[in-house]
Amino acid sequence: MDQNPVLLEMRDITKRFPGVKALDHAQLTIRKGEVHAIVGENGAGKSTLMKLLLGLYAPDEGTIIWKGQTVRFRSPHDAISNGISMIHQETSLMPTTSVSENIWVGRENKFTHFGILNVRERDRAAQEVLDSLGIAISPKTLIKNQSVAQNQLVEVARAVSYNSDLIIMDEPTSALAEADIQLLYKIIRDLTAKGVSIIFISHKLEEVLTISDRVTAMRDGRYIATAEAKNCTQDDLIKWIVGRDMDAMFPKEEAEIGDVILQVKNLSTLNKMVRDVSFQLRKGEILGFAGLVGAGRTETMRALFGIDPLETGEVILDGRKIKIKSPKQAIHYGFSMVTEDRLRLGIFSKLQVKQNMSIVYLRDITGPGGTVDRKEEERNCLEMRDKLSIKVSSLKQPISGLSGGNQQKAIIARWLLAKPRILILDEPTRGIDVGAKAEIHHQISLLAKQGMAIIMISSELQEVMGMSDRIMVMREGRIVGEFLRDEADSEQIMKKAFGS
Amino acid sequence: MNNEKNQTNYQMKQNAIEILMNNKALFILLVLVVFASVLSPKFLLPRNIINILKQVAAATIMGMGYSLILGSGHMDLSVGYLLGMLGIIAAKLDTQTSLPFAVVVLLVILIGALGGMANAFFVGVFSLPAFVVTLAMGQIFKGINYVVSNTSAISGLCASFTYIGQGNIGIVPVPVLLSVAVTLIISITVYRTAFGRHLLAVGSNSDAARASGLNVSNIRYKVYCLMGICVAVAALVLTGRAASAQPQSGQGMEMDAIAAVVIGGTPLGGGHCKPEGTFFGCLIVGLINNILNLMSVNSNWQLVAKGAIILFAIILDAQSEKILERQRLKGLK
Ligand SMILES: Nc1ncnc2c1ncn2[C@@H]1O[C@H](COP(=O)(O)OP(=O)(O)OP(=O)(O)O)[C@@H](O)[C@H]1O
Ligand SMILES: [Mg+2]
Numbered sequence: 075m076d077q078n079p080v081l082l083e084m085r086d087i088t089k090r091f092p093g094v095k096a097l098d099h100a101q102l103t104i105r106k107g108e109v110h111a112i113v114g115e116n117g118a119g120k121s122t123l124m125k126l127l128l129g130l131y132a133p134d135e136g137t138i139i140w141k142g143q144t145v146r147f148r149s150p151h152d153a154i155s156n157g158i159s160m161i162h163q164e165t166s167l168m169p170t171t172s173v174s175e176n177i178w179v180g181r182e183n184k185f186t187h188f189g190i191l192n193v194r195e196r197d198r199a200a201q202e203v204l205d206s207l208g209i210a211i212s213p214k215t216l217i218k219n220q221s222v223a224q225n226q227l228v229e230v231a232r233a234v235s236y237n238s239d240l241i242i243m244d245e246p247t248s249a250l251a252e253a254d255i256q257l258l259y260k261i262i263r264d265l266t267a268k269g270v271s272i273i274f275i276s277h278k279l280e281e282v283l284t285i286s287d288r289v290t291a292m293r294d295g296r297y298i299a300t301a302e303a304k305n306c307t308q309d310d311l312i313k314w315i316v317g318r319d320m321d322a323m324f325p326k327e328e329a330e331i332g333d334v335i336l337q338v339k340n341l342s343t344l345n346k347m348v349r350d351v352s353f354q355l356r357k358g359e360i361l362g363f364a365g366l367v368g369a370g371r372t373e374t375m376r377a378l379f380g381i382d383p384l385e386t387g388e389v390i391l392d393g394r395k396i397k398i399k400s401p402k403q404a405i406h407y408g409f410s411m412v413t414e415d416r417l418r419l420g421i422f423s424k425l426q427v428k429q430n431m432s433i434v435y436l437r438d439i440t441g442p443g444g445t446v447d448r449k450e451e452e453r454n455c456l457e458m459r460d461k462l463s464i465k466v467s468s469l470k471q472p473i474s475g476l477s478g479g480n481q482q483k484a485i486i487a488r489w490l491l492a493k494p495r496i497l498i499l500d501e502p503t504r505g506i507d508v509g510a511k512a513e514i515h516h517q518i519s520l521l522a523k524q525g526m527a528i529i530m531i532s533s534e535l536q537e538v539m540g541m542s543d544r545i546m547v548m549r550e551g552r553i554v555g556e557f558l559r560d561e562a563d564s565e566q567i568m569k570k571a572f573g574s
Numbered sequence: 006m007n008n009e010k011n012q013t014n015y016q017m018k019q020n021a022i023e024i025l026m027n028n029k030a031l032f033i034l035l036v037l038v039v040f041a042s043v044l045s046p047k048f049l050l051p052r053n054i055i056n057i058l059k060q061v062a063a064a065t066i067m068g069m070g071y072s073l074i075l076g077s078g079h080m081d082l083s084v085g086y087l088l089g090m091l092g093i094i095a096a097k098l099d100t101q102t103s104l105p106f107a108v109v110v111l112l113v114i115l116i117g118a119l120g121g122m123a124n125a126f127f128v129g130v131f132s133l134p135a136f137v138v139t140l141a142m143g144q145i146f147k148g149i150n151y152v153v154s155n156t157s158a159i160s161g162l163c164a165s166f167t168y169i170g171q172g173n174i175g176i177v178p179v180p181v182l183l184s185v186a187v188t189l190i191i192s193i194t195v196y197r198t199a200f201g202r203h204l205l206a207v208g209s210n211s212d213a214a215r216a217s218g219l220n221v222s223n224i225r226y227k228v229y230c231l232m233g234i235c236v237a238v239a240a241l242v243l244t245g246r247a248a249s250a251q252p253q254s255g256q257g258m259e260m261d262a263i264a265a266v267v268i269g270g271t272p273l274g275g276g277h278c279k280p281e282g283t284f285f286g287c288l289i290v291g292l293i294n295n296i297l298n299l300m301s302v303n304s305n306w307q308l309v310a311k312g313a314i315i316l317f318a319i320i321l322d323a324q325s326e327k328i329l330e331r332q333r334l335k336g337l338k
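As given, the protein sequences belong to chains Y and V, one line each in that order.
When we follow our numbering, the leftmost residue of the first sequence carries the number 75, and every step to the right adds one.
When we follow our numbering, the leftmost residue of the second sequence carries the number 6, and every step to the right adds one.
If you're looking for bench data, these hints aren't it; they were derived computationally from the structure.
Please note that a few of the clues may not be correct.
Lysine-lysine pairs mimicking PhoX-like chemistry, simulated, CA-CA at most 25 Å apart [stated by the list, open to error]:
1) V:227 - Y:402
2) V:18 - Y:125
3) Y:493 - Y:326
4) Y:449 - Y:493
5) Y:304 - Y:268
6) Y:125 - Y:326
7) Y:278 - Y:339
8) V:18 - Y:470
9) V:97 - Y:95
10) Y:493 - Y:397
11) V:227 - Y:399
12) Y:470 - Y:493
13) Y:470 - V:97
14) Y:346 - Y:357
15) Y:278 - Y:304
16) V:147 - V:97
17) Y:106 - Y:260
18) Y:402 - Y:339
Pulled from the structure, derived: some chain V residues nowhere near chain Y, Cβ distances all over 10 Å [stated by the list, open to error]:
19) 17
20) 25
21) 51
22) 57
23) 104
24) 112
25) 132
26) 156
27) 167
28) 172
29) 193
30) 210
31) 219
32) 251
33) 302
Ideal Cβ placement from N, Cα and C applies to all residues, glycine included.
With the hints as constraints, model all of the structure from the sequences given.
As structure tokens, this is what we get:
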């Protein structure tokens, strides 16, 4: 690998945003045909560095050398025509259009004859791309009707279809389940065998060491180190990322498990994604849900929380039967839910960080005249910022200016401020760095200790097993297994999840 | 060292541009005021200033409601016709029934609120785009207006009615007082109340708003209801000022309102709302009229000029994000 020619070099890159120095003399060297991982805390500047390369922002200082020439791309279009494509951390697909339209957007010329777009030809070409990558998605499906994971695969297909020399993947696996992750690895290996270089950003250190040839670590916008993956351990990476030694996993604290607070009986939804699901939840308990993406875990919780309508089923809270028809009612009954789909169901991109955090519990600090106690709001939000170490330049900045992981933390803060009795967490640590992840685990553990009942969905088996008192396994909309903490065994769980 | 200095210069320039862009309306207003006072010494006379404020009062009140509509990500093309209809209904009730004027006022406000909520109803229940619903509703309002008025003006209003449009409290005209009061109420609603927060959340991402426990349809009803109330007050002011109700009055005012709100810094698309900006936006539109009058420009050309200036302001608004971004892109170089 060392002998491969250098494809890209970024030197001394500095970039400021109002109130923050996002990059401070950062650097990066990519060789032809390598998988190069970038690791670093939330807000370390990984995405910003990539956006600079792609021409979405211009650097304040620094040099970019692409294929031996100093360049500065003026727009993603410019970068793409020079052989660089990118899978963004936040999906850039258009919800109301089809998969095929999204793959070929901007390149309709290929299928246009005498001014008329041949849709069938375009869809066929999309099908070919998807087939060649082994992605089982129909080109005609609308984006909004697909899961986050499926859309992530569409992004992959689009990025690959440009036949670029360099493909940037910004946290491509955070929304994917195990099987899809394996598929992505295969796609990556096929690409590198053809001499394509990959930049791979991820917070999952294990996968970083598996898939990449070299790793670059960043901290606070600065370059820390680059090393051969085969010579590194996870501990080395953690040390570079957070600047000190620490444990990657926060050990769950023992919590006293109390009475049954919630019983769910024979839950089914109209869309058939959830079938006859029953479980119960106790005070102080963390109930984990394992399974593949699409197994119906998210759908179960959405139905329970009133986002989607129920077909049949009973929900019993404190021994009383209740009906939840909307999230508003669910919140009234003391539920909180951190949703999986942050972009669609989580953030208010145009509102301030503070306003995003306080939206649910706002009524608790609203006076008789309908006016918000803004001092109290400020105080609570600052407290949450420190507790979850959310990196912001000001609580008043629009949330869209935060790094992905910090947006996620702000959403978690939103639901904690609501002081729930039952907290539902759907992929809560998606896109969150190692240090903060341990901190969030710590917080969850503390909450359970104080008697909160917690449901946690995670596609990371380690996380579910590490945090849960009890684990439910789902497959095809049904519960197919239940394990107590002590008897949980990853192999057994995977077997149930895959149904073999 | 030099670099440091460059950096602070850059930051200052950056900040200056941001402040300028965030308060465009105020700056445009200042430029217009300077321009007008150079143009005509009469411009800065208190009487002329008060006149302008009086002229824009109805539009400002309507613009306040419109800021809420745009902030919550909606649209209302019916407001002009609603205003015309409410003016006629008010005049009819005033001249042809023995109801006390206070009751007339309450009835008109009630009908305004209901008219607004009818828009919200059709948008919500049939999940239709507000654009089409309000376009159709506008025709209905116009039709009712013509049926009630028989397309002729109604005059002979009672003294209380004309007082709303022409009266003074001290030296301050009543309509000006009303427009300032409505501006204050709406500003407080947007900046200080939970409802204000909720409406921005709905405007920014209505799915996420629902998932955060907000009753999206309830909020929509409230927003359109407030819009209707603002239109009713504006109708009373406008009718009172003219001392008669014209069937044609209000037509086209929705466009002026959109322009004023957008110039004022509340963009189309939802999630942002700036009522005090709308106040300046309305003044800008009013000032342009006043300047054209001072220059004794033919009234048909005035229309053309006004349209052009509004277009310019909207383009400026659309560009200002890009200008900011370009500044950022340029960086130090
Ligand atoms: N458009 C923007 N406006 C203002 N600040 C920004 C903007 N984009 C990024 N930042 C800031 O720059 C810093 C780096 O952000 P970046 O998104 O590059 O982090 P990241 O390393 O990708 O983090 P994550 O792992 O959470 O995705 C953060 O402090 C962020 O708040
Ligand atoms: Mg990022």
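Right, here's what the structure says about each hint:
1. Of the supplied pair hints, the one linking residue 227 (chain V) and residue 402 (chain Y) holds, its CA atoms being roughly 17 Å apart against a limit of 25 Å.
2. As the CA atoms of residue 18 (chain V) and residue 125 (chain Y) are separated by approximately 24 Å, the hinted pair is consistent with the 25 Å bound.
3. Note on residue 493 (chain Y) and residue 326 (chain Y): the hinted pairing holds, with a Cα-Cα distance of about 21 Å set against a maximum of 25 Å.
4. At roughly 19 Å between alpha-carbon atoms, residue 449 (chain Y) and residue 493 (chain Y) fall within 25 Å of each other, so this suggested pair holds.
5. Straight-line distance between C-alpha atoms of residue 304 (chain Y) and residue 268 (chain Y) comes to about 22 Å, which keeps the hinted pair within the 25 Å bound.
6. Note on residue 125 (chain Y) and residue 326 (chain Y): the hinted pairing is violated, with a Cα-Cα distance of about 37 Å set against a maximum of 25 Å.
7. The straight-line distance between the Cα atoms of residue 278 (chain Y) and residue 339 (chain Y) is roughly 36 Å, outside the 25 Å bound, and the hint therefore fails.
8. With a CA separation close to 21 Å, the supplied pair residue 18 (chain V) and residue 470 (chain Y) stays within the 25 Å bound.
9. Note on residue 97 (chain V) and residue 95 (chain Y): the hinted pairing is violated, with a Cα-Cα distance of about 65 Å set against a maximum of 25 Å.
10. The straight-line distance between the Cα atoms of residue 493 (chain Y) and residue 397 (chain Y) is roughly 21 Å, inside the 25 Å bound, and the hint therefore holds.
11. Of the pairs offered as hints, the one joining residue 227 (chain V) and residue 399 (chain Y) holds, with about 21 Å between alpha carbons and a cut-off of 25 Å not exceeded.
12. As the CA atoms of residue 470 (chain Y) and residue 493 (chain Y) are separated by approximately 23 Å, the hinted pair is consistent with the 25 Å bound.
13. For the suggested pair residue 470 (chain Y) and residue 97 (chain V), the alpha carbons sit about 50 Å apart, so the restraint of at most 25 Å is broken.
14. A distance of roughly 30 Å separates the Cα atoms of residue 346 (chain Y) and residue 357 (chain Y); the hinted pair therefore is violated under the 25 Å criterion.
15. A distance of roughly 16 Å separates the Cα atoms of residue 278 (chain Y) and residue 304 (chain Y); the hinted pair therefore holds under the 25 Å criterion.
16. With a C-alpha separation of about 15 Å, the suggested pair residue 147 (chain V) and residue 97 (chain V) falls inside the 25 Å cut-off, and the hint holds.
17. A threshold of 25 Å between alpha carbons decides the hint, and for residue 106 (chain Y) with residue 260 (chain Y) the separation of about 18 Å falls inside it, so the pair holds.
18. Of the supplied pair hints, the one linking residue 402 (chain Y) and residue 339 (chain Y) holds, its CA atoms being roughly 21 Å apart against a limit of 25 Å.
19. Against the 10 Å criterion, residue 17 (chain V) stays outside the reach of chain Y, whose nearest CB is about 12 Å from its own CB.
20. Residue-level check passed: residue 25 (chain V) sits 15 Å from the nearest beta carbon of chain Y, beyond 10 Å.
21. Even its closest Cβ contact with chain Y, about 35 Å, leaves residue 51 (chain V) beyond 10 Å, as expected for a residue assigned away from the interface.
22. For residue 57 (chain V), the non-interface assignment is confirmed: its Cβ lies about 32 Å from the closest Cβ of chain Y, beyond the 10 Å cut-off.
23. The Cβ of residue 104 (chain V) sits about 32 Å from the closest Cβ of chain Y, beyond the 10 Å cut-off, so the non-interface label holds.
24. With a least beta-carbon separation of about 26 Å from chain Y, residue 112 (chain V) lies farther than 10 Å from that chain, consistent with its non-interface assignment.
25. Residue 132 (chain V), annotated as away from the interface, keeps every beta carbon of chain Y farther than 10 Å; the closest lies near 14 Å.
26. The claim that residue 156 (chain V) is not at the interface with chain Y holds, since no C-beta of that chain comes within 10 Å of its own (minimum 43 Å).
27. Non-interface call for residue 167 (chain V) relative to chain Y: holds, since the shortest CB-CB distance, roughly 34 Å, exceeds 10 Å.
28. Every CB of chain Y lies more than 10 Å from the CB of residue 172 (chain V), the least distance being 30 Å, so the non-interface label holds.
29. At the 10 Å boundary, the C-beta of residue 193 (chain V) falls inside the reach of chain Y, the nearest C-beta of that chain being 7 Å off.
30. Residue-level check failed: residue 210 (chain V) sits 5 Å from the nearest beta carbon of chain Y, not beyond 10 Å.
31. Not every CB of chain Y is more than 10 Å from the CB of residue 219 (chain V) (nearest about 7 Å), against its label as outside the interface.
32. Even its closest Cβ contact with chain Y, about 37 Å, leaves residue 251 (chain V) beyond 10 Å, as expected for a residue assigned away from the interface.
33. For residue 302 (chain V), the requirement that its beta carbon stay farther than 10 Å from each beta carbon of chain Y is met, with the minimum near 39 Å.
Of the numbered hints given earlier, the model fails hints 6, 7, 9, 13, 14, 29, 30 and 31; all others are met.
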